[in-house]
Amino acid sequence: MSDKQRALEALARAQWRLALALTGAMMAIFFGFTLLVAWAKPLLTTQVVRGLSLGILLGAIVIVSAWVLIWVYVRWANRHYDRTVASLQEPGR
Amino acid sequence: MTTSLGHSHPAAIFWFFLFVAVTLGITFWAARRTRSTEHFYTAGRSVTGLQNGLALAGDYMSAASFLGIAGLVSLSGFDGLIYSIGFLVGWPVVMFLIAEPLRNLGRYTFADVVAYRLRQVPVRIAAAIGTLAVVTFYLIAQMVGAGNLIKLLFGIPYETAIVIVGIVMMAYVLFGGMLATTWVQIVKAALLISGAFVLAGLVLARFGGNPLALFAAASDRFGAQVLGPGQLVADPLDALSLGLALMFGTAGLPHILMRFYTVPDARTARTSVTYATAFIGVFYLLTFILGFGAMVIVGPDAIKAIDKGGNMAAPLLAEAVGGTGFLGFIAAVAFATILAVVAGLTLSGAAALSHDVWVNVVRGGQAPEREQFVVARVATLLGGVASVALGIVFKGENVAYMVGLAFAIAASANFPALLLSIFWRRFTTRGAQASMIVGTFSALLLIFLSPTIQVSVLGRASAPFPLKNPGLVTIPLSFLVGMLVSLLTPEREASERFAEVQRRVHLGPEAGAE
Numbered sequence: 000m001s002d003k004q005r006a007l008e009a010l011a012r013a014q015w016r017l018a019l020a021l022t023g024a025m026m027a028i029f030f031g032f033t034l035l036v037a038w039a040k041p042l043l044t045t046q047v048v049r050g051l052s053l054g055i056l057l058g059a060i061v062i063v064s065a066w067v068l069i070w071v072y073v074r075w076a077n078r079h080y081d082r083t084v085a086s087l088q089e090p091g092r
Numbered sequence: 000m001t002t003s004l005g006h007s008h009p010a011a012i013f014w015f016f017l018f019v020a021v022t023l024g025i026t027f028w029a030a031r032r033t034r035s036t037e038h039f040y041t042a043g044r045s046v047t048g049l050q051n052g053l054a055l056a057g058d059y060m061s062a063a064s065f066l067g068i069a070g071l072v073s074l075s076g077f078d079g080l081i082y083s084i085g086f087l088v089g090w091p092v093v094m095f096l097i098a099e100p101l102r103n104l105g106r107y108t109f110a111d112v113v114a115y116r117l118r119q120v121p122v123r124i125a126a127a128i129g130t131l132a133v134v135t136f137y138l139i140a141q142m143v144g145a146g147n148l149i150k151l152l153f154g155i156p157y158e159t160a161i162v163i164v165g166i167v168m169m170a171y172v173l174f175g176g177m178l179a180t181t182w183v184q185i186v187k188a189a190l191l192i193s194g195a196f197v198l199a200g201l202v203l204a205r206f207g208g209n210p211l212a213l214f215a216a217a218s219d220r221f222g223a224q225v226l227g228p229g230q231l232v233a234d235p236l237d238a239l240s241l242g243l244a245l246m247f248g249t250a251g252l253p254h255i256l257m258r259f260y261t262v263p264d265a266r267t268a269r270t271s272v273t274y275a276t277a278f279i280g281v282f283y284l285l286t287f288i289l290g291f292g293a294m295v296i297v298g299p300d301a302i303k304a305i306d307k308g309g310n311m312a313a314p315l316l317a318e319a320v321g322g323t324g325f326l327g328f329i330a331a332v333a334f335a336t337i338l339a340v341v342a343g344l345t346l347s348g349a350a351a352l353s354h355d356v357w358v359n360v361v362r363g364g365q366a367p368e369r370e371q372f373v374v375a376r377v378a379t380l381l382g383g384v385a386s387v388a389l390g391i392v393f394k395g396e397n398v399a400y401m402v403g404l405a406f407a408i409a410a411s412a413n414f415p416a417l418l419l420s421i422f423w424r425r426f427t428t429r430g431a432q433a434s435m436i437v438g439t440f441s442a443l444l445l446i447f448l449s450p451t452i453q454v455s456v457l458g459r460a461s462a463p464f465p466l467k468n469p470g471l472v473t474i475p476l477s478f479l480v481g482m483l484v485s486l487l488t489p490e491r492e493a494s495e496r497f498a499e500v501q502r503r504v505h506l507g508p509e510a511g512a513e
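So the sequence lines, in the order shown, correspond to chains E and H.
First residue of the first sequence: 0, per numbering that gives the first Met the number 0; consecutive thereafter.
First residue of the second sequence: 0, per numbering that gives the first Met the number 0; consecutive thereafter.
Hints in this document: simulated from the structure, not taken from any laboratory.
Be careful, since some hints might not be right.
Subject to a maximum C-alpha distance of 30 Å in a straight line, what follows is the list of computed DSBU-like cross-link-like pairs (lysine-lysine) [said to hold, decoys possible]:
| hint | chain 1 | residue 1 | chain 2 | residue 2 |
| --- | --- | --- | --- | --- |
| 1 | H | K394 | H | K303 |
| 2 | E | K40 | H | K150 |
| 3 | H | K394 | H | K150 |
| 4 | H | K307 | H | K394 |
| 5 | H | K150 | H | K303 |
| 6 | E | K40 | H | K394 |
The structure presented is a predicted model; accordingly, all values stated were derived computationally and were not measured.
Work out the full structure: start from the sequences and follow the hints.
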């Protein structure tokens, strides 16, 4: 196996691990929220400040967390992934 | 409260004709650039990240999410928001697992990716079945919704409305291909998001610009329970099942997946998901304000008096805070929304019929360019006629479950095969076929046996299958069947060519063979 092939496989593994971890995080957040909705109705109805129930607050946090996870991925991809891809695309290595 | 809803108000007609005139102008411009099959399906792969982000948002934000969610919130409060949130969380999955590999591996349809290192004919047939099932159910829901909405908004007969949608949409796709469809989505997304912003702004102006004051008013008027979960999610398993279908269904919707072929490279695919998620997230956050705004300002009783399901909450709210002129604008935006979503769906259905079935199955991948281009347009015509016919056949039927069903099939038939073909070396032709077929038909069968059909549609007392959405069973089942069958039917070429897939996924199409 060439160095290039080895580097590509390492990159593929790193990408897969991060993708899986971030997908897992999104699932944990969303299904955590869903289970609270199903089981902790009174808790989610309590208002943190007037007008803002815990349910609405957590719902907005789920949406924001999707943005944050995407930001984490894009940052990694732009900084590390793209650079490695570019070095692997160079001919004659 | 009196409303001018249901009458052909001049403002609504003005905005609607303006939208149709502008989009047909775009189609005329696009038609002159659409001279090859490649252009017809991918807009020449020249769409930018921001443009594709808006177009993805346009394809995804259907009238159901604009009118339906606002309506649900206005009638039942917090419960409606669960949908807003569920529809967004599929996008990170698209980003992490699908968007970039899809762009690098395929050409026109997601079946290109699944079939890349497998035997073309069996995989293409199975993928076309999954695609057409998703597109058909999604289309029926959109067309029936369109007929009802346009009847309510403009007062024109159901069938006329369906035919108008069919003709205008076909003009976009037939002549302008993906380029026109993309720009229709962009215009529509911009209109929808700015319309929602203005509406939310007008609502908040009455509450000192503070959303919490609005929520507090809802809680004072209708009880604190409207700010918390009610009866929508009663059974946790039901909630998990629907959640799974929404989360993984987005990554299996053919018209969404097809959009990633319109950008020049994987990096732009990444940028477009970032923009799309931002736009869609902001829009769904605005539905919090629109829904509670309609509850407080219009009132649930006035909303139910017009439409039991609450679908007219947003238009009624627009009339209450912005007058009939603004109602006309929002009504036209809703119409535009339906047109754009239906155009995107038709194009992806046509791609499955012509590229997957005709070119790769019937003609063994060897059809001349001229023939491909003609077949693509014939398939579009068929799709358009079929969608009008389906809209008329299903008139008056309860089709609300069909969007959930489309997501369930997308998540169980398309997503597992797509994921396994990109990331799993030992995936085989038989495995892919089994996964897609089992995914499609188990979702169809379980939906039929579920309370969604048995109780809500057929009016029986109970259902043999307890969950309203089959995702919790059918998604794992499809993965399991795909993996088991693959392990039982090893395919040397498929595993040997995995290295090529890996190179192409990461290094781009130019790095395919070495």
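Right, here's what the structure says about each hint:
Our distance criterion of 30 Å between C-alpha atoms is met by H:K394 and H:K303, whose separation comes to about 21 Å. Proximity of E:K40 to H:K150 is assessed by CA-CA distance (about 38 Å); at most 30 Å being required, the pair is judged violated. Simply put, H:K394 and H:K150 have alpha-carbon atoms about 12 Å apart, close enough for the 30 Å limit, and the pair holds. This hinted pair checks out: H:K307 and H:K394 have alpha carbons roughly 17 Å apart, not beyond 30 Å.
A distance of roughly 16 Å separates the Cα atoms of H:K150 and H:K303; the hinted pair therefore holds under the 30 Å criterion. Taking the CA atoms of E:K40 and H:K394, the gap is near 37 Å; set against the 30 Å cutoff, the hint is violated.
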